[in-house]
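Read off the chains here:
2 protein chains.
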Amino acid sequence: MSQKEENAISPCREEDFPEWYQQVIRAADLAENSEVRGCMVIKPWGWAIWERIQLILDGMFKATGHRNAYFPLFIPLSYLQKEAEHVEGFAKECAVVTHHRLEVRDGKLVPAGELSEPLVVRPTSETIIGAAYARWINSYRDLPILINQWANVVRWEMRPRLFLRTAEFLWQEGHTAHETEQEAWEETVRMLGVYERFARDYLAIPVIKGEKTESERFPGAVRTLCIEAMVQDRKAIQAGTSHFLGQNFAKASGIRFQSREGKLEYAWTTSWGVSTRLVGTLIMTHSDDDGLVLPPRISPSQVVFLPILTKENCRSQVLEYAERLANSLRETYWEGQKISVEFDTRDIGGGNKNWEWIKKGIPIRIEIGPRDLENLSVTLYRRDRPHRKKEAVLIQNLPQRVCEILSEMQQGMLQRAQEFRCKHTHIIENKKDFYDFFTPLNSEKPEIHGGFALAHWNGSVNVETQIKNDLKVTIRCIPFDLIPEPGKCIFTGEPSRGRVLWAKAY
Amino acid sequence: MSQKEENAISPCREEDFPEWYQQVIRAADLAENSEVRGCMVIKPWGWAIWERIQLILDGMFKATGHRNAYFPLFIPLSYLQKEAEHVEGFAKECAVVTHHRLEVRDGKLVPAGELSEPLVVRPTSETIIGAAYARWINSYRDLPILINQWANVVRWEMRPRLFLRTAEFLWQEGHTAHETEQEAWEETVRMLGVYERFARDYLAIPVIKGEKTESERFPGAVRTLCIEAMVQDRKAIQAGTSHFLGQNFAKASGIRFQSREGKLEYAWTTSWGVSTRLVGTLIMTHSDDDGLVLPPRISPSQVVFLPILTKENCRSQVLEYAERLANSLRETYWEGQKISVEFDTRDIGGGNKNWEWIKKGIPIRIEIGPRDLENLSVTLYRRDRPHRKKEAVLIQNLPQRVCEILSEMQQGMLQRAQEFRCKHTHIIENKKDFYDFFTPLNSEKPEIHGGFALAHWNGSVNVETQIKNDLKVTIRCIPFDLIPEPGKCIFTGEPSRGRVLWAKAY
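If you read the protein sequences in the order shown, they are chains A and B. Under my numbering, the first residue of the first sequence is numbered 1, with each subsequent residue one higher. Under my numbering, the first residue of the second sequence is numbered 1, with each subsequent residue one higher.
Simulated from the structure, these hints should not be mistaken for laboratory data. Treat each hint with caution, since some may be false.
[What the hints assert, rightly or not] A short, non-exhaustive set of chain A residues, derived as facing chain B with CB atoms under 10 angstroms:
| id | residue |
| --- | --- |
| 1 | M40 |
| 2 | W45 |
| 3 | S78 |
| 4 | E103 |
All residues carry an ideal CB built from backbone N, CA and C; glycine is no exception.
Let the hints inform the model, and build the full structure from the sequences given.
Okay, here's the thing in structure tokens:
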């Protein structure tokens, strides 16, 4: 068997990254397109990953004082119109409900009961939540309001892509209202920090925190902060955003309160969200040519037992031995939580089972055959090593060894992603190098081709538009953690207040 | 202060039960109507109850082998039409998406981009999930499929009522596919059992398990099973349903598989669901004239500490003492879980704070003032006793006493609800008594007026229709746990195979 054939995913990353991405999803049985244009079906393994994301983030939101609530799916057209930039930003991608029943006319089922005012399926909930906050808030004593909702939203997509861009997607949206500008700004920054920590510590994805330029701002926001990840084709993915909305939405929705000084003032609001897009980011960051690779902290299960039951005469002994070990591992704590263990006894052939779990990205596979039983050991495979590389572990060492490996993997995956991003992030000092960097055929330095470019910029939208038209490259953010270093815009020679982050993006 | 004035909710249950219900929701700050007709906003305390319901049920579903997944919000019109009874059942209450963007025409924002096929916002997901199962299932080896989804659904409501009947509601819907009729039927019964146990053991709501008559069946089902609860106005609420769908939806969606014998066969499917309606049922079952009363197992928190901070000179001592006790209670386990404790130091007056928590239904309130500090005790109030009835508890006994009370409350609330239902369930042997039972002004026996009636019935839809028209009374179910006892229909004198359960219902 040639090296080539050994990979489970075809094409491989180098050959065709977008197609490889689709195939990883299919091989791991995460999701599929439905017959409803742009809407996906999230299958159990994909959903289990999203459930882990929800559970962990929800805990982080609650630890920062937020509570969950739920607001209507439908937004009256008139609400959406209250904020001019907002409606302009979303008008082109709204699913609109116009009727409230069906009836048979001329033998055909057709919409009936036309609504006097059409309803929009929420693309985001600033306006409908704003209307509620306007009812709830009277005095500074009612502030802050710190609420999050887990919900589905719809933005009609012309070029859908599983997880990354779907017409319906699932997300959380935090919506907060504050007494002062300062408080609202601090909240905006705080939640960006939560997203960064979550991405880093759980998804093992290093992200760059920063601020969007005006042209990439959320429609209606005063400032939009974001976290940007680099995936393995060196493109950027916006993995989460946190918006400082100023008083824009408070004015649009009439969120006013009696201040401590007895004056009627508009509240300061924020909103922030991450979505099922995180699952796509996770896949593109860590997966390899054998399929998904899951960081142990986010994997629905950390370990799968694969008893080898081919020999009839010792089948029951192997099974019993494996079950005892699996149950003991289920009582083992890793990072304060019991290890989640799958036990796969399906009769579909050892090779098939093994490959299925490789493609699903489970961190550790434990094979147990008659010989392991004799040796009082197991054969362990880890997903962050080549799939044939095995390790014999004596059963008395198994719990400890599993914990060690899980910790190593979690750290190792983050480190690998950090190194990858570091290797493909370059300071670029002139226009020619910039164009070379983003144009494969022109490149004189192929070894530093593509990725994140840090370059000076004069702050002009025109330059952004030009670059986007020429190279499909955009400013991903003005990074927070760069030491401000004045310079000259590499495109115009005009003064720049600091480097910004450029990349092609999903 | 008169006895009357002491109740927090006006009107009281006896005066106007439906209005009392609305006022309990408002007083506990659970939910409110939005400006979108029939859609509610679920506020944080209401959502926290739903979150508890989700968490516990989700565990029960997983323990019975189910996994979660997620299917599209939108259903193509053509899918809905595949099952004739199904589309007829839902056509009158469908929100229909006809356009996918908005544009300004004559200065007015209007729907644009008309869809070639309208999309229905899911009222339930049999058809869209059926289409997926048809893709996934090829062989008997692919069966059973045991999937649940947590989702929002929309059924246009002409007379909405918070939690009980809303245009958008939240629910879980289980959808399973099986190789045999027997297996599918067992699943249908199993999940009804899960619902019954959940209602009884967590919500402290005793329910009657049974089967719906043909006229009350889910559109497209072969058999519909249900759990029925009695609330305090002696009406019934259908709290959950489990449908045996036979091969109806498999035929409609083309869910076929190669059998063990190599034949192509249709799968047998089930579906089952409970919704945010459970929150309404919970409110109507247990609340009193002071507001919500929550069973400890479902309450988002079990205990609230209310330090009395009015005396400036010992404020910090009281606070410190109360915090120490609260933290120690937070580390106390009740039924294997840490007790959830609220700590309310808001400066809104002790009486206001106390009443707020009474109305929110928290099981135990603990007041701590300077005198408690002197006595090394606390003053404890429980929600299932009159609000003034207090109990001094020495601090060394506090954890144990709290656990005792929580267990007592959980059991006591179920027992009280069982006794109430028992008291208001009557065997009725003739038509006159039946009409009297359900007609207040005619009643000659007011002490047994209203509630559940067990009466013989000939099995005819015509009789059901007549009774519904005359009395607004319907057959809630054919109870499972009644010993079959042949008799004569009390309306027609015709043979009956057993008594059925009649009631007015929400």
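Now for the hints, and whether the structure bears them out:
About 7 angstroms separates the beta-carbon of M40 (chain A) from the nearest beta-carbon of chain B, less than 10 angstroms, and the hint is met. Below 10 angstroms, beta-carbon pairs count as interface contacts, and W45 (chain A) has one with chain B at about 9 angstroms; its hint therefore holds. Annotation: interface hint on S78 (chain A) holds; nearest CB of chain B at approximately 9 angstroms, less than 10 angstroms. Interface hint status for E103 (chain A): upheld, as the beta-carbon distance to the closest one in chain B is roughly 7 angstroms, under 10 angstroms.
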